[in-house]
Amino acid sequence: MNATVATTLRARLDALPSQSLLGTQEYFVNMGPQHPSTHGVLRLVLKLDGETVHQVIPVLGYIHRGIEKICEHSNYRQLVHLTDRMDYLSALANNWAATMVVEKAAAMETNSRIEAIRTLVTELQRIHSHQLWWGVFGMDLGAFTPFFYGFRDREILTDVFERTIGGRLTMNYIQPGGVMHDIHPELVADVKAFLAVFKPRLDEYEALLSENVIVQERLRGVGVLTAQDAVALGATGPVLRASGVAHDLRKAEPYGLYGQVAFDVPVGSRGDCWDRYAVRMQEMRQSIRIVEQLLDNIPEGKHFLVKPAAKIKVKPGVWYSHLETARGVLGAMLVSTGGEAPYRVHFRTPNFNNLWAVTTTATGGRVADLVAILSSLDLVIPDIDR
Amino acid sequence: MHFDPQSLASRAAHLAPTDPWPALGVVVGSVLGVAAFVTVLGLVLIYAERKIAAHFQCRVGPYRVGPHGTLQAVADAVKLLLKEDVVPTGSDHLLHILAPVLSFAGMVLCIIALPMGPHAQVVDLDIGVLYITAVAGLGVLGILLGGWSSHNKWSLLGAMRAGAQIISYELSAMLALLVAVLFSGTLQLSGIVLAQQEGWWIWRAHGAGLVAFVLFVVAGTAEINRTPFDLAEGESELTAGFHTEYSGLRFAFFFLAEFLNLFVLAAMATTLFLGGWMPLHIGSWSAWNAAMDMLPPGLWFAGKAAAVVFLLMWFRWTFPRLRVDQLMRLEWKVLLPIGFANLFFAAVLVVSGWYFFPTVAAAPVPQLPAAGSSDDAGGAP
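From first to last, the protein sequence lines are chains A and B.
Using the numbering used here, you'd call the opening residue of the first sequence number 1 and step up by one each time.
Using the numbering used here, you'd call the opening residue of the second sequence number 1 and step up by one each time.
No lab work stands behind these hints: they were computed from the structure.
Beta carbons are placed, not taken as given, at the ideal position from N, Cα and C, and that holds for glycine.
Label pairs and their computed distance ranges (CB to CB):
1. H81/A - R329/B: 47 to 55 Å
2. H55/B - T8/A: 52 to 60 Å
3. G90/B - K192/A: 56 to 64 Å
4. V213/A - H55/B: 19 to 27 Å
5. D264/A - D325/B: 33 to 41 Å
6. V197/A - L32/B: 52 to 60 Å
All chains, please: the whole structure from these sequences, using the hints.
Structure (structure tokens):
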């Protein structure tokens, strides 16, 4: 086709009235609270025109359990154990965030062994969480096999957690003044065995999904979240970093032993689904790096400095601390009027802010794009509602 | 080796004027045979898919019901029989009930025309290729009606996707079919198989056959709504697409039709490009050809069809799903031009008689006396 014909055609197309000649009609459809791709009870009201998404309205509150309110009736030790059910894939990071703010408020000490164990298990859980995300991501794109691969490898790590912590999903381990049990004597060997299996499998993951042309077509240029929008929405974690903002609390405000280990913060450039995918894939490799550095260097010492039965008292005041979970910044705020229970507890959860990226990025795309975007945001719904 | 294909319908027609009762026997036998074949093949395919999927996914798959879980599909069928048949309020009842039947009927009508062996064919229509493409269209009607009548927006989306997809990809499938028709010079399916006696079109036609085979498998996968083209069902997007509101036996009909369409596609690809029930012959290697003739044609057909089915299952458990616009782009901007170019190339080849072993193919098939050799098991060449 020569250039003139193409231009004429384009001109004719542009001259068409913006309202389609077919006289299409917008309609609303509920995606959720029961839907295979919302991974929980998230409800999105979609305004569609055919397959094209015109508007996405998230409706929240289907799994609100009042965790923050219950915290007001719990003492400083009890409230930590409620947190594992917020973001069930980052139970340990949630424990740690609550512990961190309580320790800050009550000026409690920890030793380097405690910090090393906390860093190690939390970093393992980042891998654990990303494994599940990878599997589910594949399934949302229509490929079932990644789901089973992800869960197969995640199972090894779940067993590792079970030996030390007892729990497999909603784990309670990190608590003010230490960790609940010392690590299992076989933990280091178990984790090494896991890494030996998992490192080649990570390449397999790349071969199965990342290198697939359909995956790349489905993800590249889809759901672009600009750095400006990401910051404005308060998006954090891989979602923010994929948009090109290298903000990672593990680097920005090192806690635990993150200041002493070498790792890179993977950053994307375009902020599309592909970047969010790639950032998480690289994060798994970085987490492996961190774990490998920590494994042989866990210092000797006690695993708790404050007896579990000891009452924790906090002076009147307001405290805030935050850390980086697998999904972003989890902040915990504590308001105390003195005594054994907080006056108010608030969690700034990463998923709540990340969710809103879907409202700006999915409009104009297709229903299938919306599913890809939702999955690339890696949402955990109970963390949104708490 | 000489084959003399004879379909069951022609046998019945031949008998009818003189012996009406044996002719009726053949007809009734064919009907029962097709019914049994469809049921058993459906169960086998479902079992195979589940086992193959399981092994792709590092699982064991069905293992409890019967030896190695072989009766699992039977148990599932019984479960579906016993389930409540829900027809949603506000749905178009008649169409809702009709849709799965249409899907199923389209599939069965395809199966009766497939040549599975020189004598294992119910009807040998002289426009077999045309007939199959026509009745396969009933399948899309079933899906469209199913989605439309369900009174569910997700179902409707799935149905609309299916309509656009299947109708578009039928073009490419047709262009690929025509290549085999051109080479064979006939629309009769048994004739197409016989024309491949000297070599299968997939490798005998200077690449045109291979391209057509690939096109046919890709377009066919889209026509039967399998991953990576399972947009109509699109579980993660549309919950279950067009059959969201179907339960019990009606769902089973959709499900069975889907699985048997898989077989129809594999059987068509086999017939058109892989020589159907024809053994693998290589030019004048008479010893090799004789050895290949030892296997009965039915086994050749089943083996080839099973290989294609396995390939399609491999696709399904490896690839993610395409997006609607990508699907359309693939068809109209990639497959269709390739299909036309390939058809043109094939036409040039046929006109110039320029394919492998042209002399043998051009010469009339030697009519050897079939001394002592049965028709099914191959005799000496």
